[in-house]
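Chains as they are written, first to last, in my numbering: chain A, 0 to 96; chain B, 638 to 1092.
Treat the hints as calculated values from the structure; they're not laboratory data.
Stretch by stretch, here's where chain B covers chain A in the computed footprint (C-beta under 8 Å, at least three residues):
1) 6-20
2) 49-58
3) 72-86
We treat Cβ as the ideally placed atom computed from N, Cα and C, and that holds for glycine.
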Amino acid sequence: MSVTRDDVLRIAQLAELDVDEEALPELAEQMSRILDYVAQLSAVPANGTVKVFVPGPDAIRFRADEVNPAPLAVGPEELAPAFKEGFFVVPKLGQFE
Amino acid sequence: MSDAKAVADRLVKVKRLNALLTPVKDLRKSLVAQEAAARPTGVLYGMPVAVKDNICTLEFSTSCGSRILEGYRSPYDATAIAKLKAAGALIAGKTNCDEFAMGSSTEHSAYGRVIHPLDKARVPGGSSGGSAALVGAGAVPAALGSETGGSVRQPASFCGVVGIKPTYGRVSRYGLVAFGSSLDQIGVFGRSVHDAARVLSVISGRDARDATCEDRDPLRLPTVPESLQGFVIGLPREYFPPELDPAVRRACERAVRLMKEQGAAVREVSLPHTPYAVPTYYVIAPAEASSNLARYDGVRYGPRFNGSADLRALYRSTRGQGFGPEVRRRILVGTYVLSSGYYDAYYRRAQQMRALIAQDFRNVFDRGVDLLFTPTTPTPAFRAGEKLDDPIAMYLSDIFTVTANLAGLPAISIPIGRVKGLPIGGQLIGQAFLEDEMIEAAYALERSVPATDEA
Chain A
0 MSVTRDDVLR IAQLAELDVD EEALPELAEQ MSRILDYVAQ LSAVPANGTV
50 KVFVPGPDAI RFRADEVNPA PLAVGPEELA PAFKEGFFVV PKLGQFE
Chain B
638 MSDAKAVADR LVKVKRLNAL LTPVKDLRKS LVAQEAAARP TGVLYGMPVA
688 VKDNICTLEF STSCGSRILE GYRSPYDATA IAKLKAAGAL IAGKTNCDEF
738 AMGSSTEHSA YGRVIHPLDK ARVPGGSSGG SAALVGAGAV PAALGSETGG
788 SVRQPASFCG VVGIKPTYGR VSRYGLVAFG SSLDQIGVFG RSVHDAARVL
838 SVISGRDARD ATCEDRDPLR LPTVPESLQG FVIGLPREYF PPELDPAVRR
888 ACERAVRLMK EQGAAVREVS LPHTPYAVPT YYVIAPAEAS SNLARYDGVR
938 YGPRFNGSAD LRALYRSTRG QGFGPEVRRR ILVGTYVLSS GYYDAYYRRA
988 QQMRALIAQD FRNVFDRGVD LLFTPTTPTP AFRAGEKLDD PIAMYLSDIF
1038 TVTANLAGLP AISIPIGRVK GLPIGGQLIG QAFLEDEMIE AAYALERSVP
1088 ATDEA
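So that you can see chain A by itself, here it is in the shape it has in the complex (with noise of 0.2 Å):
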């Protein structure tokens, strides 16, 4: 299994993460090495019959559904950059013609 170059731009895209173009080797080199070593796994039966292991409670238990406050302790004028009259102040986006 191989990386290429065009391999680490195509996933960079889908993970929407620029990549330098001089780190793009080594960073082929590396997932190489990486996904040749975890390709062990194949020696896993390929079978249905294993069935996935999930942690946790067996269910999702559900809560009451009921509206509860759930009070900031830092209030919204504190968490933003600009805040007026109970409104968050942001850039204009555009304009109507």
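Position chain B relative to chain A; hints supplied.
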């Protein structure tokens, strides 16, 4: 216990370790305020607890050791933090860690590497290296870390302190920044088994805000047992390979002898799928990380880099510049193994292997074994830089710890000796939600083992 100023002074003294990310001035002020507000009736009243930087706190910023969250302030406390405060503990600052908890040496932090408290040329382990180093240096009696593949036990072993990783679902993950959600669990460091266990008992228990947290009462602290009579301890042969560091082997053999002398029955067992644990982990953890870290886009959290008019360009430049090399590598590997055409070959196989690894443990426990004893790590603390260029060598330092995460089991590392002054850790792996039994055995081992003697 100790007053806020004394706590701050002790933390200033170990500044050289680069273990604390919170500026000491802010910390001093906050500690004084926290002490004034703390409930004197709380079971941890006045106890300073340092907190890994990937656990949300109101008091200090939560950066996860990353540039992409530099200066980020959480608007809420993690459940574990809220419980600590309710018990009267003082949050003694945020500790340095590998970026987003990805690493085994705390060299992958955007804020510089953490120094081992006993040898400045070595690493404290990781990813919760800052928490381990502060407890190891005696600056705080206990600290919180997080585990995805051994990030509490491995640094605990390197720094000569106790580290507990609870059963998956024992402690709420609400407010723990997600890395691998099916593996992540908050863990505890302590100077002693008792310090670690009492912090664990406080932070454990049900939480309506985390659906993966089990509906159980908090852990009840066991008493120190008179002997280990009735305990059956298994030694999995796959954890004692021929290439194991000879000093680590000697320390483990001594610990086993001491447990036998206290009445434990010891037998050799086998966990046959152990050799596949690290490859399984390095498919599942990056896959989950690539999804979890998709939320850092320069819009919702933290700073943005090269604010561009084009939204996708903004995402890409922020993520490209905000994440460090190890995180980028894991996001790419995770995206790869989940991508069309590779999902079955990697991710599905890894999920199946995870089931077989969990089954190995059930088989052993079903045959009357109560606990497993193993080395925590194959070697003592390694030198800084030694494994930086070789990701797989770095990954292999978690070889004895990842299995408990994959199987969701509780495990504890306790110091069992030293080699040339460097601590060696021994690990007990317990059955799901039987932390009390595991802690009992750890008390007995701790009492008998000459933890600071050469092995």
